[in-house]
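Enquirer: Below, each chain spelled out in residue letters.
Protein chains: 2
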Amino acid sequence: MNHILTYDSTLRDGEQSEGVTLSLEDKLRIVERLDAFGIDAIEGGFPASNPKDIAFFERVRTMPLKHARIAAFGSTCKKGVAAADDQGLKDLVASGAPIVTIVGKTWDAQVTRALQTTLDENVRMIAHSVAFLKAQGREVVFDAEHFFDGYKANPSYALACVRAASEAGADSIDLCETNGGALPHEVEDIVAAVARELPGQQLGIHCHNDSGCAVANTLAAVRAGATQVQGTVNGIGERVGNTDLLTVIANLELKMGCSTVGPDNLRDLTSVSQFVAEACNMSVPVHHPYTGASAFAHKGGLHASAIARFPEAYEHARPESVGNTQRMLVSELAGKASLVAKAKGLGIDLAEHPDKTQAILDDIKAREALGYSYETADGSLALLLQRHLGAYRPHFTLESFRVIVDDHEDTGALAKDAMSEATIKIHVGDQRFVATGEGAGPVGALDNALRMAIVAFYPQVADMELVDYKVRILDENVGTDAITRVIITTHDKHGSWGTVGVSENIIEASWNALVDSIEYGLMRIGD
Amino acid sequence: MNHILTYDSTLRDGEQSEGVTLSLEDKLRIVERLDAFGIDAIEGGFPASNPKDIAFFERVRTMPLKHARIAAFGSTCKKGVAAADDQGLKDLVASGAPIVTIVGKTWDAQVTRALQTTLDENVRMIAHSVAFLKAQGREVVFDAEHFFDGYKANPSYALACVRAASEAGADSIDLCETNGGALPHEVEDIVAAVARELPGQQLGIHCHNDSGCAVANTLAAVRAGATQVQGTVNGIGERVGNTDLLTVIANLELKMGCSTVGPDNLRDLTSVSQFVAEACNMSVPVHHPYTGASAFAHKGGLHASAIARFPEAYEHARPESVGNTQRMLVSELAGKASLVAKAKGLGIDLAEHPDKTQAILDDIKAREALGYSYETADGSLALLLQRHLGAYRPHFTLESFRVIVDDHEDTGALAKDAMSEATIKIHVGDQRFVATGEGAGPVGALDNALRMAIVAFYPQVADMELVDYKVRILDENVGTDAITRVIITTHDKHGSWGTVGVSENIIEASWNALVDSIEYGLMRIGD
Numbered sequence: 000m001n002h003i004l005t006y007d008s009t010l011r012d013g014e015q016s017e018g019v020t021l022s023l024e025d026k027l028r029i030v031e032r033l034d035a036f037g038i039d040a041i042e043g044g045f046p047a048s049n050p051k052d053i054a055f056f057e058r059v060r061t062m063p064l065k066h067a068r069i070a071a072f073g074s075t076c077k078k079g080v081a082a083a084d085d086q087g088l089k090d091l092v093a094s095g096a097p098i099v100t101i102v103g104k105t106w107d108a109q110v111t112r113a114l115q116t117t118l119d120e121n122v123r124m125i126a127h128s129v130a131f132l133k134a135q136g137r138e139v140v141f142d143a144e145h146f147f148d149g150y151k152a153n154p155s156y157a158l159a160c161v162r163a164a165s166e167a168g169a170d171s172i173d174l175c176e177t178n179g180g181a182l183p184h185e186v187e188d189i190v191a192a193v194a195r196e197l198p199g200q201q202l203g204i205h206c207h208n209d210s211g212c213a214v215a216n217t218l219a220a221v222r223a224g225a226t227q228v229q230g231t232v233n234g235i236g237e238r239v240g241n242t243d244l245l246t247v248i249a250n251l252e253l254k255m256g257c258s259t260v261g262p263d264n265l266r267d268l269t270s271v272s273q274f275v276a277e278a279c280n281m282s283v284p285v286h287h288p289y290t291g292a293s294a295f296a297h298k299g300g301l302h303a304s305a306i307a308r309f310p311e312a313y314e315h316a317r318p319e320s321v322g323n324t325q326r327m328l329v330s331e332l333a334g335k336a337s338l339v340a341k342a343k344g345l346g347i348d349l350a351e352h353p354d355k356t357q358a359i360l361d362d363i364k365a366r367e368a369l370g371y372s373y374e375t376a377d378g379s380l381a382l383l384l385q386r387h388l389g390a391y392r393p394h395f396t397l398e399s400f401r402v403i404v405d406d407h408e409d410t411g412a413l414a415k416d417a418m419s420e421a422t423i424k425i426h427v428g429d430q431r432f433v434a435t436g437e438g439a440g441p442v443g444a445l446d447n448a449l450r451m452a453i454v455a456f457y458p459q460v461a462d463m464e465l466v467d468y469k470v471r472i473l474d475e476n477v478g479t480d481a482i483t484r485v486i487i488t489t490h491d492k493h494g495s496w497g498t499v500g501v502s503e504n505i506i507e508a509s510w511n512a513l514v515d516s517i518e519y520g521l522m523r524i525g526d
Numbered sequence: 000m001n002h003i004l005t006y007d008s009t010l011r012d013g014e015q016s017e018g019v020t021l022s023l024e025d026k027l028r029i030v031e032r033l034d035a036f037g038i039d040a041i042e043g044g045f046p047a048s049n050p051k052d053i054a055f056f057e058r059v060r061t062m063p064l065k066h067a068r069i070a071a072f073g074s075t076c077k078k079g080v081a082a083a084d085d086q087g088l089k090d091l092v093a094s095g096a097p098i099v100t101i102v103g104k105t106w107d108a109q110v111t112r113a114l115q116t117t118l119d120e121n122v123r124m125i126a127h128s129v130a131f132l133k134a135q136g137r138e139v140v141f142d143a144e145h146f147f148d149g150y151k152a153n154p155s156y157a158l159a160c161v162r163a164a165s166e167a168g169a170d171s172i173d174l175c176e177t178n179g180g181a182l183p184h185e186v187e188d189i190v191a192a193v194a195r196e197l198p199g200q201q202l203g204i205h206c207h208n209d210s211g212c213a214v215a216n217t218l219a220a221v222r223a224g225a226t227q228v229q230g231t232v233n234g235i236g237e238r239v240g241n242t243d244l245l246t247v248i249a250n251l252e253l254k255m256g257c258s259t260v261g262p263d264n265l266r267d268l269t270s271v272s273q274f275v276a277e278a279c280n281m282s283v284p285v286h287h288p289y290t291g292a293s294a295f296a297h298k299g300g301l302h303a304s305a306i307a308r309f310p311e312a313y314e315h316a317r318p319e320s321v322g323n324t325q326r327m328l329v330s331e332l333a334g335k336a337s338l339v340a341k342a343k344g345l346g347i348d349l350a351e352h353p354d355k356t357q358a359i360l361d362d363i364k365a366r367e368a369l370g371y372s373y374e375t376a377d378g379s380l381a382l383l384l385q386r387h388l389g390a391y392r393p394h395f396t397l398e399s400f401r402v403i404v405d406d407h408e409d410t411g412a413l414a415k416d417a418m419s420e421a422t423i424k425i426h427v428g429d430q431r432f433v434a435t436g437e438g439a440g441p442v443g444a445l446d447n448a449l450r451m452a453i454v455a456f457y458p459q460v461a462d463m464e465l466v467d468y469k470v471r472i473l474d475e476n477v478g479t480d481a482i483t484r485v486i487i488t489t490h491d492k493h494g495s496w497g498t499v500g501v502s503e504n505i506i507e508a509s510w511n512a513l514v515d516s517i518e519y520g521l522m523r524i525g526d
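For the protein sequence lines, the chains are D and R, in the order given.
Under numbering that gives the first Met the number 0, the letters of the first sequence match residues 0 to 526, in that order.
Under numbering that gives the first Met the number 0, the letters of the second sequence match residues 0 to 526, in that order.
Everything labelled a hint here was simulated from the structure, so no lab data went into it.
Ideal placement from N, C-alpha and C gives every residue a C-beta, glycine not left out.
The reader is advised that the hints may include incorrect statements.
A few chain D positions that, by computed beta-carbon distances, are all more than 10 Å from chain R [unchecked claim]:
id : residue
1  : Ala83
2  : Pro154
3  : Ala294
4  : Lys343
5  : Asp348
6  : His493
7  : Ile506
Computed, partial: chain D to chain R, Cβ under 8 Å [as the list claims (entries may be wrong)]:
id : residue
8  : Val402
9  : Gln430
10 : Asn504
Just chain D, with the same shape it has in the complex (with noise of 0.2 Å):
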């Protein structure tokens, strides 16, 4: 079986991704997640930059990692400077990484325009830092800077570029499609012409996204030759994104016979990159492949019976095997086979209670006509089985609510100064409570006003917090009488949870989204 190394440069490349900033600590967790997941080569920064990165090999330098060996990223010495007196390459050096990336330019129009030097002295540039590095006891990554421009260009030059990097003993030459627009078919000749070149040379890949098709480039780069396959975790990166490691791993574990982290640890995959996607503030976007919360969901009916009675028909790779699970998504087409299933997977078993199926499906249908959807709203969908399963027990009750929205003056289009006022009646056990919320829109004072009527009684509400509200307006009613469909997300240490509600007033859709929210918050931890 081919292996293929693995190379992550999520820490470096991924972390230039607009939006992205990761701190020392994040850092280190991820190599600690990186490395636990079999990640052979974890690139973590540039260590002549800036403290944050330096920090970080001072720090890397003491954790006791599994298997994966740390890279410093850095560039060749520079132009009429000698390698053993270029700064950038002593401080690679002083890293204690034991892998060195160093990056150099191989097209022939950015050494004479971007770097203004000769083509001869790029040569000697690279020559000379590969073999500084080398002698100071580094393994030596050579990252072939807009090596597929520079070969369609002048192929020569190119080849020049490497085959000194190669002389010089680098332990692998990383060809990288910098602009990230190359096509596979263009990829694979030209890593196939390199390794026809170069042989016995270890090669590897590095690509960007501008044209969506990183991970085939990738891949078509494997087929060619290449063994070391570089990548960040979800293709977080500048511009569209660099080669999403974990899809490419999947891809080449899966479905093209090579061997990468091993089928035990790609079962970690989905959690990976959840955990990193955390990290950078961000969710995995629900179709990612692989690893997105879709990218094995079904809908419902017409599919379920057929995906029982042959599921390879519509799962390209089992869910278990990336650690990702099958949703059914509930939707006017659900049959019983599906919502059995997607019952189980919230915890409920509608086995035992063959009875029931037919009205809650029956339930579900009428409130899909109405405009309700279950699909990102598993919360109200486990109220709805628990109340037809006589297992729903209210936290409280409302008497009424009022909300009032005040605006003064015709404050033009930028104004923002209308304030408003949630007043609730509430009852919890005997007891009655009300209670008065202001926030800058009705939601949020309707939002406010609860939570303060309760907390006394549950004391858990503090710990919930709505992190997502989504309104959608349905156009079976035209205009502003349409129905209105609100879906609130929460979360607490445990996890997070969708609720629905839905009416033609958006004030009482938003509000039963709430209650949903709070109650489903209550009965998941067993109050």
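Given the coordinates of chain D, work out where chain R should sit on it, guided by the hints.
Expert: Same frame as chain D, but now just chain R:
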């Protein structure tokens, strides 16, 4: 130059995407936009499945399309049923669509296990269905479901199925990579095998993105001889999504020397991407290839001067070629030239006011940073331009409004009895009016109150009708205090227009959009 036909399935397969629901009006507006963009075939839906799709085919028949042809989607006849007696096929014909696309099975195990019939009967169903539709004078596309898995399992049977469709007269045989798990080299080999088997037959390709290779798989099929590419705008679709048709078009035009919509229309790529995303109530992902806000964004510093010296080194394509921009601002109005063109479309000649254009652009950018979007809000844009040109005369001014929403009892999730009441105090010229309106929801109540207050002065408002009301929560992860963007579409006998309002308070955002909708409605009829 190799011409490749584009076949869009946004309205059918794209609508299978979790969370996407398109109204009839949305679908028709998307058809209009894709037609203008130069798409060759637009799949509208299943005419047999639901009233919305039936209504779609009725309405679309009357639309004056410039270029695109509409496709109705369905299946081959049922097992044991003659094609001429099959209700599904009769519904497809009755739809009046010039293209009929029927899906049929080509994987032997699918036929025996899921369809539960014989391999011969399946071939008969394909052949008779295609022949029946051809006899009705339709252009027929045969969608060969699971073709790639089928070919891997039993190549001779898979080929027998498509040969039957070909011999029965199918105009195009579109090979479907239904599971989305194939890799480009497999797709290329298998499409080439079919092309050898059926010389002269038009072949198409339909992919899903489960292995992250949908775009590359589609391009690989074109290299092997497919001349029709299926996909959806922005790649929306079930699970991980379909092939992103826009990325494929850009790659074909800019990188593979093929013609599709042509270089002029290609400059609308980004706005088509944004338009359809908006209709789906979502945003174009910022890292989306070609059309995302970050697709041509560069982190400054290291790169900025290099980009200036040698832009090809940092851009795989010119952003202008796809209507995107090198900087972060993503808007149809990014540059002066496009603003002048846009204004001209609204009947406002900015060329007469060269001194004002920069100030207007700056104002638009500032508002976009606050959450405004003018892509679908021509009415608000026109008012903004008129304000800058000093040509704006408000028809009324607000003193204050108060909205009250009352609800009683905990009526459960199906309750719809909250009533809303809005009182507004308003000035028209030197007169002051106070009016109170009721509504099922707060915005309807405000709308009623506003009309009541001004109808005596402006009887034309009686002709104006709110036909669509969309709410987008921006920055969704800050919960109920997030910025809310409201887009309202209004029409009268002269046409329809969109307006936008933004606020942390959903009621105020709605009010701002409402005011603009009435103001612009009065302005455009010259009142």
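Enquirer: Determine for every hint whether it applies to the structure shown.
Expert: Here's how the hints hold up against the structure:
With 10 Å as the threshold on Cβ separation, the claim that Ala83/D sits away from chain R holds: the shortest Cβ distance comes to roughly 25 Å. Distance check on Pro154/D: its Cβ is at least 17 Å (rounded) from any Cβ of chain R, clearing the 10 Å threshold; non-interface status holds. A beta-carbon of chain R is positioned within 10 Å of the beta-carbon of Ala294/D; the least distance is around 5 Å. Every CB of chain R is more than 10 Å from the CB of Lys343/D (nearest about 20 Å), matching its label as outside the interface.
For Asp348/D, the non-interface assignment is confirmed: its Cβ lies about 23 Å from the closest Cβ of chain R, beyond the 10 Å cut-off. No Cβ of chain R approaches the Cβ of His493/D within 10 Å, the least distance being about 18 Å, so the stated non-interface status holds. The beta carbon of Ile506/D is not kept farther than 10 Å from every beta carbon of chain R, the shortest such distance being approximately 4 Å. The interface hint given for Val402/D is met, as the beta carbon of that residue sits about 4 Å from the closest beta carbon of chain R, less than 8 Å.
For Gln430/D, the shortest C-beta to C-beta distance to chain R is roughly 15 Å, which exceeds 8 Å, and the interface hint is violated. Annotation: interface hint on Asn504/D holds; nearest CB of chain R at approximately 4 Å, less than 8 Å.
In terms of the numbered hints stated before, the structure departs from hints 3, 7, 9, listed from lowest to highest.
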